[in-house]
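S.K.: As a plain string of letters, each chain reads:
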Amino acid sequence: MSRILNTRLSRLSQFGFLSLLALFIATPMLIIVVFSFDANRFPTIPWGGFSLQWHQAVLADSMIRDAFVNSVIVGLGTAAIATVLGFAAAYIDYRYFFRGKTLFGLLVAVPPAVPVSILSMAMLAFLSRIGLFGSREAIIVCHVAIATSFAMAIVRLRLGKFSRDLEPAAWNLGASPFATIFFITVPFCRPALFASFFLSAAVSFDEFLIAWFVGGVNETLPVRILNLLQGQVNPKINAIGTMVLIISVALVLIAQRFVGFRATRATSSNG
Amino acid sequence: MTDPFVSLKNLDKRFPGHHAVKDISLDIKGGEFIALMGPSGCGKSTTLRLIAGLDEPTGGEIYIGGRAMSGIPAYERDTPMVWQSLALFPFMTVIENVEFPLRMKGVTPKVRRDRAMEWLEKLGLGTMANRGIAQLSGGQRQRVAIARSLVTQPSVLLLDEPLSALDSHLRVRMQTELSRLHKELGITFIYVTHAQSEAFALADRIVLMSEGTIQQTGRPQDVYREPANAFVADFMGMNNIVSGSVSRSDGEGVVIDGKAGQFRVASKNAARSGDVSFVIAADRIQIGQANMASANSVAGKVIGIEFVGSTQTIFVEADGAEFRVQKQQHEIEALNIQPGSKLTLYWQPDHAWLLPDTN
Amino acid sequence: MTDSIHVDGATGSRRAPASRVGSHSFMPVVLGAPVLIWQLVFFAAPLAFLLVVTFWKVASFKLEPAFSFDNWTKVLLSGPYQKALVYTAGTASLATLLTVLVALPAAYTIAFRLSPKLRNLAVTCLIVPVFSSYLLRIYAWQIVLSPEGVINSVFKGLGGAGLSLLGGQLALQIGLLTLTLPVAILVLVLAFSGIDRTLIEAAENLGCRRSKVIVHVLLPSIRNAIVLAASTAFILSFGDYVSPLFMTGSNPPTLSILIVDTVKSGSQWPRASVIGITMLAALILVFVAGQLLTRTGKGAQ
Numbered sequence: 001m002s003r004i005l006n007t008r009l010s011r012l013s014q015f016g017f018l019s020l021l022a023l024f025i026a027t028p029m030l031i032i033v034v035f036s037f038d039a040n041r042f043p044t045i046p047w048g049g050f051s052l053q054w055h056q057a058v059l060a061d062s063m064i065r066d067a068f069v070n071s072v073i074v075g076l077g078t079a080a081i082a083t084v085l086g087f088a089a090a091y092i093d094y095r096y097f098f099r100g101k102t103l104f105g106l107l108v109a110v111p112p113a114v115p116v117s118i119l120s121m122a123m124l125a126f127l128s129r130i131g132l133f134g135s136r137e138a139i140i141v142c143h144v145a146i147a148t149s150f151a152m153a154i155v156r157l158r159l160g161k162f163s164r165d166l167e168p169a170a171w172n173l174g175a176s177p178f179a180t181i182f183f184i185t186v187p188f189c190r191p192a193l194f195a196s197f198f199l200s201a202a203v204s205f206d207e208f209l210i211a212w213f214v215g216g217v218n219e220t221l222p223v224r225i226l227n228l229l230q231g232q233v234n235p236k237i238n239a240i241g242t243m244v245l246i247i248s249v250a251l252v253l254i255a256q257r258f259v260g261f262r263a264t265r266a267t268s269s270n271g
Numbered sequence: 001m002t003d004p005f006v007s008l009k010n011l012d013k014r015f016p017g018h019h020a021v022k023d024i025s026l027d028i029k030g031g032e033f034i035a036l037m038g039p040s041g042c043g044k045s046t047t048l049r050l051i052a053g054l055d056e057p058t059g060g061e062i063y064i065g066g067r068a069m070s071g072i073p074a075y076e077r078d079t080p081m082v083w084q085s086l087a088l089f090p091f092m093t094v095i096e097n098v099e100f101p102l103r104m105k106g107v108t109p110k111v112r113r114d115r116a117m118e119w120l121e122k123l124g125l126g127t128m129a130n131r132g133i134a135q136l137s138g139g140q141r142q143r144v145a146i147a148r149s150l151v152t153q154p155s156v157l158l159l160d161e162p163l164s165a166l167d168s169h170l171r172v173r174m175q176t177e178l179s180r181l182h183k184e185l186g187i188t189f190i191y192v193t194h195a196q197s198e199a200f201a202l203a204d205r206i207v208l209m210s211e212g213t214i215q216q217t218g219r220p221q222d223v224y225r226e227p228a229n230a231f232v233a234d235f236m237g238m239n240n241i242v243s244g245s246v247s248r249s250d251g252e253g254v255v256i257d258g259k260a261g262q263f264r265v266a267s268k269n270a271a272r273s274g275d276v277s278f279v280i281a282a283d284r285i286q287i288g289q290a291n292m293a294s295a296n297s298v299a300g301k302v303i304g305i306e307f308v309g310s311t312q313t314i315f316v317e318a319d320g321a322e323f324r325v326q327k328q329q330h331e332i333e334a335l336n337i338q339p340g341s342k343l344t345l346y347w348q349p350d351h352a353w354l355l356p357d358t359n
Numbered sequence: 001m002t003d004s005i006h007v008d009g010a011t012g013s014r015r016a017p018a019s020r021v022g023s024h025s026f027m028p029v030v031l032g033a034p035v036l037i038w039q040l041v042f043f044a045a046p047l048a049f050l051l052v053v054t055f056w057k058v059a060s061f062k063l064e065p066a067f068s069f070d071n072w073t074k075v076l077l078s079g080p081y082q083k084a085l086v087y088t089a090g091t092a093s094l095a096t097l098l099t100v101l102v103a104l105p106a107a108y109t110i111a112f113r114l115s116p117k118l119r120n121l122a123v124t125c126l127i128v129p130v131f132s133s134y135l136l137r138i139y140a141w142q143i144v145l146s147p148e149g150v151i152n153s154v155f156k157g158l159g160g161a162g163l164s165l166l167g168g169q170l171a172l173q174i175g176l177l178t179l180t181l182p183v184a185i186l187v188l189v190l191a192f193s194g195i196d197r198t199l200i201e202a203a204e205n206l207g208c209r210r211s212k213v214i215v216h217v218l219l220p221s222i223r224n225a226i227v228l229a230a231s232t233a234f235i236l237s238f239g240d241y242v243s244p245l246f247m248t249g250s251n252p253p254t255l256s257i258l259i260v261d262t263v264k265s266g267s268q269w270p271r272a273s274v275i276g277i278t279m280l281a282a283l284i285l286v287f288v289a290g291q292l293l294t295r296t297g298k299g300a301q
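Chains as they are written, first to last, in our numbering: chain G, 1 to 271; chain E, 1 to 359; chain S, 1 to 301.
Check the hints yourself; a few may be wrong.
What the hints assert, rightly or not - No more than 20 Å apart at the CA atoms, straight line, and that leaves these computed lysine to any residue pairs for SDA-like:
1. 161/G with 350/E
2. 117/S with 62/S
3. 117/S with 259/G
4. 62/S with 216/G
5. 161/G with 133/E
6. 236/G with 63/G
Hints in this document: simulated from the structure, not taken from any laboratory.
Generate the whole structure from the sequences, applying the supplied hints.
M.R.: Have a look at this one:
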């Protein structure tokens with residue numbers, strides 16, 4: 001009897017722990033959304049009543065609108081280029097052996113692991129030397145260098161399921177190597193390419209340090225938020241935050257849908 | 001068409017650390033159904049891939065329809081292949097798969113749809129055209145793969161162990177189907193398999209390979225009854241190989257002194273002297289007392305019996321040599337043979353086959 | 001680099017290396033050159049340039065090529081730098097420890113105690129924060145923890161005194177865990193999910209109690225994932241800029257804060273570069289140490 005009780009208690013504490021953790025992860029997002037509708041200037045308890053004024057103020061703010069446009073352009077540009085480069089990198093990793101392959105893989109995979117504080121400084125220093133500083137393009141090229149890593153990982157995972165016979169079969173049926181990639185390999189990777197696109201867009205949409213450093217006067221939305229945060233308390237922040245949250249969560253969820261990522265448990269064959 | 005349609009001249013293929021095909025030459029007639037056989041790793045699939053242009057030979061030349069193939073990439077060869085894995089494109093429907101080679105050749109959508117449909121109907125898949133590959137059974141997928149390979153009306157079809165993924169029932173049905181297609185189309189089929197039954201059921205001629213070289217080429221029954229060497233004898237079935245030296249030779253054959261006695265071999269190639277080996281098939285050995293004087297016979301003891309379905313293999317030891325005898329189960333039961341039983345084996349001199357090349 | 005792409009024939013096809021006929025060597029070059037050049041120019045070159053700049057000089061607010069170790073000695077011997085290094089490394093170590101301590105039981109519960117549906121939901125809920133709005137989430141914690149914020153309002157409402165929650169290790173660690181926990185838990189959930197259930201059943205059949213199964217079967221078999229989760233947590237918290245900025249108001253400053261301040265406020269690029277390069281070196285050291293740890297683990301098994 002006491003053994004059953006023990007098990008119950010242990011399970012209960014495990015679920016309790018998990019709930020607390022969920023609260024810890026969810027709280028920040030909820031706070032932003034909830035207080036964006038608060039009529040008070042300063043976000044605190046008690047709530048000052050429901051209001052849409054901050055959202056309206058955000059929509060009326062031309063700097064925020066410009067920043068949003070910048071973010072969209074940078075995000076789309078990054079997503080498109082990173083997806084193409086990520087596919088190429090993943091395909092090369094899948095298909096070829098050559099000297100320096102490990103180095104090639106590292107060069108694509110490692111950037112997200114380098115702290116952005118260092119990376120942004122290095123990129124700013126280098127880009128201003130080669131005269132590519134202070135433009136949306138500058139932000140895009142830097143974001144691509146980071147996002148390609150994720151795109152490659154997603155596409156490579158998909159290529160793991162690509163039968164080694166399919167490409168030779170296509171050549172055998174009259175498709176040139178380029179036609180094969182276009183008609184066989186790319187369509188096979190389509191879900192992963194969509195996932196890469198949306199995830200790369202999310203990565204770019206969320207990044208602010210590099211964008212702040214190399215973008216010059218071209219503020220993206222998170223940079224605008226950063227600048228607002230460093231100023232006085234501004235109730236508009238929660239409203240922009242809500243919009244940004246919705247967009248990036250949507251991007252990630254869409255990406256995840258395409259990958260169909262699941263933590264499937266390895267089970268015994270008879271279980 | 002009596003000229004060779006597909007011709008391999010001193011074909012050679014080395015991979016890093018592996019010599020897969022060693023200087024082989026072979027002529028295949030137009031309209032012939034030829035089977036490349038051999039154990040796994042013998043080079044048969046590599047040979048097929050070389051013909052298809054999927055691998056580049058490191059030596060020799062391939063001619064198809066009189067044209068040298070070196071430098072012509074796979075996608076310009078028109079040598080479609082049916083793959084062991086089938087290699088159907090999983091994200092396309094049945095008809096899109098069959099249309100694919102036509103699409104690559106730039107055939108207009110309307111025409112290629114009609115032609116693909118024609119082939120699907122020919123293979124009994126008319127109602128499946130818009131299904132996904134995942135919705136088909138194994139046999140149906142097999143037919144899609146065949147339709148996809150034939151839709152361009154090639155003059156040669158390559159098949160790489162196409163039936164090995166099917167269960168035995170389906171395999172026999174597909175063999176019949178392939179046979180019918182071959183007769184109907186009159187084109188060259190080059191069929192790679194390790195299964196003797198498939199090669200025998202289908203091929204006009206078989207090419208037996210081992211370790212990258214051709215061991216023997218010929219009609220299935222000839223290769224079976226008249227193996228060129230010990231490897232072929234061993235691979236082609238349950239054969240006993242007996243060694244000895246020729247003691248005398250006359251117009252009807254040779255007499256060989258072996259460990260287990262004196263044997264007369266009367267095969268048509270029996271005009272040799274010195275050390276030789278001959279082959280006697282396990283199913284051609286009789287049990288009991290010979291009723292004709294010319295027969296070879298040995299006395300021995302049963303050391304084991306192996307059951308394989310309705311046939312059984314008896315292992316008989318006779319004067320230090322071991323003979324394998326294949327019999328139906330009811331025959332064994334009628335003779336009441338047990339391990340330890342003493343018995344006499346005999347066979348006709350003209351059922352034995354002197355191996356032409358004996359080392 | 002480009003010409004080092006030379007094709008030996010394609011990968012592990014079971015039967016034979018794939019053809020060269022179907023893929024002349026210009027194919028990998030056409031595909032590989034753009035991505036290779038992109039990463040070399042926009043990732044490797046900036047970092048290499050950063051290293052070069054550490055030897056340059058600043059004269060009348062302008063960078064000048066030089067070869068001097070001045071910046072290195074100035075930075076490495078300066079008190080603020082050394083303090084920041086110790087503080088940053090200590091903070092990151094604490095964050096790593098906390099992350100692993102929280103993530104392990106959480107990942108265990110997610111992998112073994114949740115229904116498949118709930119488990120997938122949990123994974124989604126962990127992936128989303130990895131890729132969205134870290135900056136905003138830290139700002140939200142600021143709202144919660146600030147002197148007039150949510151928690152203090154509740155406390156005061158209950159008649160308590162106001163707590164000073166912002167500006168110390170507590171706030172900083174909350175911020176860092178916001179960053180590290182989702183990734184670490186994901187890594188561990190994946191590792192736990194990869195363990196064959198028969199292994200656990202076998203151990204339980206042999207009479208192992210659950211707690212013993214965890215210690216003797218589960219933890220050893222995900223050892224590499226634990227090292228990966230820990231080194232990821234360390235890398236993230238060591239380089240983070242946002243949490244120190246908003247949770248402690250840059251006081252005391254971390255190395256990342258020093259870098260950004262130096263770059264944004266002055267022309268002391270070379271010194272900022274030295275800080276950046278030493279940070280990178282430290283992170284590589286940690287990563288290599290982690291790899292060595294997993295290697296020896298394999299050897300011992």
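S.K.: Now tell me if each hint is right for this structure.
M.R.: Do the hints match the structure? See the list:
no., hint, verdict
1, 161/G with 350/E, "violated (57 Å)"
2, 117/S with 62/S, "violated (59 Å)"
3, 117/S with 259/G, "holds (17 Å)"
4, 62/S with 216/G, "holds (19 Å)"
5, 161/G with 133/E, "holds (16 Å)"
6, 236/G with 63/G, "holds (12 Å)"
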